[in-house]
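A.B. asks: For the sequence shown, the positions run 86 to 233 when this note's numbering is used.
Careful: at least some of the hints might be erroneous.
[Unchecked claim] In the DSSO-like style, the derived pairs of lysine-lysine whose C-alpha atoms are separated by at most 30 Å in a straight line are:
1) Lys188 to Lys145
2) Lys163 to Lys152
3) Lys167 to Lys152
4) Lys179 to Lys163
5) Lys179 to Lys152
6) Lys167 to Lys177
7) Lys177 to Lys188
8) Lys152 to Lys188
9) Lys188 to Lys163
10) Lys177 to Lys163
11) Lys152 to Lys177
12) Lys217 to Lys104
13) Lys217 to Lys137
[What the hints assert, rightly or not] Quick list of the computed label-pair ranges, beta carbon to beta carbon:
14) Val111 to Thr209: 28 to 34 Å
15) Met181 to Thr209: 40 to 46 Å
16) Arg176 to Gly199: 33 to 39 Å
17) Gln164 to Ser220: 56 to 62 Å
18) Leu215 to Asp120: 16 to 22 Å
19) Ser231 to Gly199: 21 to 27 Å
Read the hints as simulated data drawn from the structure, not as lab findings.
Since we're looking at a predicted model, the values are computed, not measured.
Ideal Cβ positions, reconstructed from N, Cα and C, are used throughout, including at glycine.
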Amino acid sequence: MDLLSALNELEELIETSGKVPLTRKVMVNEDRILDLLDRIRTTIPEEIRQAKWIIQEREKVMNDSQKEAMRLLEDAQKQVEKQADESEVARKAKDMADEIVAKAEDNARELREGARRYADDVLTNLMESLDKLSSQIEQGRSELRSMK
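Work out the full structure: start from the sequences and follow the hints.
C.D. replies: This is how it looks when you write it as structure tokens:
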């Protein structure tokens, strides 16, 4: 069960529960709402684990990009050294090396930015889900307290 389906089930329970006449309050089955809250509590750590995994993957992609950029830079430097004997060849090699380094840096930057945006989107969605869940739980608890 994922967090959103548990929240949808909680919302459905509230919407389908009997209404208290002349009020906006509803009467809910206590066992059912407590069961849903328990299921939500067990689902939240899974969502957090997934967010941590995404962050680790982002770091891995960033590290791999930096390694690839370093490898490309070393390859370009080796090419420049091999062709340093002749000035025209050396100039062309330097231009090529500079282009390869620039492309590698651009690729690494794009990968880092994409990974950051993706992780930020996932964490933003998770935060919104948690905020909604917290609000709904607080509203449910408030309604339960007001039924005394």
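A.B. asks: Taking the hints in turn, state whether each one holds.
C.D. replies: Here is how each hint holds up against the structure:
1. Of the supplied pair hints, the one linking Lys188 and Lys145 holds, its CA atoms being roughly 20 Å apart against a limit of 30 Å.
2. The straight-line distance between the Cα atoms of Lys163 and Lys152 is roughly 16 Å, inside the 30 Å bound, and the hint therefore holds.
3. For the hint linking Lys167 to Lys152, the alpha-carbon distance of about 23 Å falls within 30 Å, and the restraint holds.
4. Our distance criterion of 30 Å between C-alpha atoms is met by Lys179 and Lys163, whose separation comes to about 10 Å.
5. A distance of roughly 21 Å separates the Cα atoms of Lys179 and Lys152; the hinted pair therefore holds under the 30 Å criterion.
6. Note on Lys167 and Lys177: the hinted pairing holds, with a Cα-Cα distance of about 12 Å set against a maximum of 30 Å.
7. Of the pairs offered as hints, the one joining Lys177 and Lys188 holds, with about 16 Å between alpha carbons and a cut-off of 30 Å not exceeded.
8. At most 30 Å may separate the alpha-carbon atoms for a hinted pair to count; Lys152 and Lys188 meet this at roughly 14 Å.
9. Using a Cα cut-off of 30 Å, the hinted pair Lys188 and Lys163 holds, with the two alpha carbons roughly 17 Å apart.
10. The straight-line distance between the Cα atoms of Lys177 and Lys163 is roughly 13 Å, inside the 30 Å bound, and the hint therefore holds.
11. Straight-line distance between C-alpha atoms of Lys152 and Lys177 comes to about 25 Å, which keeps the hinted pair within the 30 Å bound.
12. Our distance criterion of 30 Å between C-alpha atoms is met by Lys217 and Lys104, whose separation comes to about 23 Å.
13. Of the supplied pair hints, the one linking Lys217 and Lys137 holds, its CA atoms being roughly 21 Å apart against a limit of 30 Å.
14. The supplied range of 28 to 34 Å is met by Val111 and Thr209, whose beta-carbon atoms lie about 31 Å from each other.
15. For the pair Met181 and Thr209, the beta carbons lie near 41 Å from each other, so the given range of 40 to 46 Å is met.
16. Taking 33 to 39 Å as the suggested C-beta distance range, the pair Arg176 and Gly199 conforms, at roughly 35 Å.
17. Range check, Gln164 to Ser220: Cβ separation about 60 Å, and the 56 to 62 Å hint holds.
18. The supplied range of 16 to 22 Å is met by Leu215 and Asp120, whose beta-carbon atoms lie about 20 Å from each other.
19. A hinted range of 21 to 27 Å for the beta carbons of Ser231 and Gly199 is inconsistent with their spacing of about 48 Å.
The earlier numbered hint that this structure contradicts is number 19, and it is the only one.
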